[in-house]
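Chemist: Okay, here's what each chain looks like letter by letter:
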Amino acid sequence: AQKVTQAQTEISVVEKEDVTLDCVYETRDTTYYLFWYKQPPSGELVFLIRRNSFDEQNEISGRYSWNFQKSTSSFNFTITASQVVDSAVYFCALSPDTGGFKTIFGAGTRLFVKA
Amino acid sequence: GAGVSQTPSNKVTEKGKYVELRCDPISGHTALYWYRQSLGQGPEFLIYFQGTGAADDSGLPNDRFFAVRPEGSVSTLKIQRTERGDSAVYLCASSKTGFGYGYTFGSGTRLTVV
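For the protein sequence lines, the chains are V and D, in the order given.
The opening residue of the first sequence carries number 199 in this note's numbering; numbering runs sequentially from there.
The opening residue of the second sequence carries number -9 in this note's numbering; numbering runs sequentially from there.
No lab work stands behind these hints: they were computed from the structure.
In this text the structure is predicted, and so the values were computed from the model without any measurement.
Don't take every hint at face value.
Which residues of chain V face chain D? A few of them, derived with a C-beta cut under 7 Å, are [as the list claims (entries may be wrong)]:
| no. | residue |
| --- | --- |
| 1 | Lys236 |
| 2 | Leu243 |
| 3 | Phe252 |
| 4 | Phe310 |
Just a sample of chain D residues kept apart from chain V, beta carbon distances all over 10 Å, derived [what the hints assert, rightly or not]:
| no. | residue |
| --- | --- |
| 5 | Thr(-3) |
| 6 | Lys1 |
| 7 | Val2 |
| 8 | Asp14 |
| 9 | Ile16 |
| 10 | Ser17 |
| 11 | Gly18 |
| 12 | Gly41 |
| 13 | Thr42 |
| 14 | Asp53 |
| 15 | Pro60 |
| 16 | Val64 |
| 17 | Lys68 |
| 18 | Glu73 |
| 19 | Val79 |
Glycine included, each C-beta is placed from N, C-alpha and C at the ideal position.
From just these sequences and the hints, can you work out the full model?
Modeler: Quick look at the structure:
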């Protein structure tokens, strides 16, 4: 089965706290891509990052960082010093090689950042 | 265009009617996707176009759903004999050709069947 699980439905933090959004994926493919998207209240999904299955190097972009671990099939997303503007629904997604070009999305984690 | 444009942004229709949803992708993006998002869920794949042809329509729920992209740019998703269960946000996305590119999504069309 090809699947993405985001176990956290909602997370609420206070501004300046760090927060980690969990993502676990399932695929038998050895070649695949993983993604994170952000869906703010306005509704439009915004691409944040992609990672291919052969690159386990962690990535940092400003306050955002991503931890990819093939051993645990996880691709977690951490926001450092969260801000109110980070409030959104975040989706983890998987594009397996044998899936054609379709992307499989998790159910999303809704993040509330309170001032 | 600068982004992916979807029209209309909202559509309310009566059960049994026919609707068309339009997507205008980013210029130069040959890959175009339709997804459907129900409340509280992640986007669910419907169909993928590479150029003019539907390369993968395995996500279309039944034969009431059909999509076209006649000139390899604008795409139309058509739903016949709409049912209340079709109510959702229909998302269009485009990307460069190839495996593993991130999508640029439109704002979606919120379809409500009453």
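Chemist: Indicate, hint by hint, whether the structure satisfies it.
Modeler: For each hint, the structure was consulted:
no.	hint	in the structure
1	Lys236	violated (11 Å)
2	Leu243	holds (4 Å)
3	Phe252	violated (11 Å)
4	Phe310	violated (15 Å)
5	Thr(-3)	holds (14 Å)
6	Lys1	holds (15 Å)
7	Val2	holds (17 Å)
8	Asp14	holds (15 Å)
9	Ile16	holds (12 Å)
10	Ser17	holds (18 Å)
11	Gly18	holds (17 Å)
12	Gly41	holds (12 Å)
13	Thr42	holds (15 Å)
14	Asp53	holds (20 Å)
15	Pro60	holds (20 Å)
16	Val64	holds (19 Å)
17	Lys68	holds (20 Å)
18	Glu73	holds (23 Å)
19	Val79	violated (7 Å)
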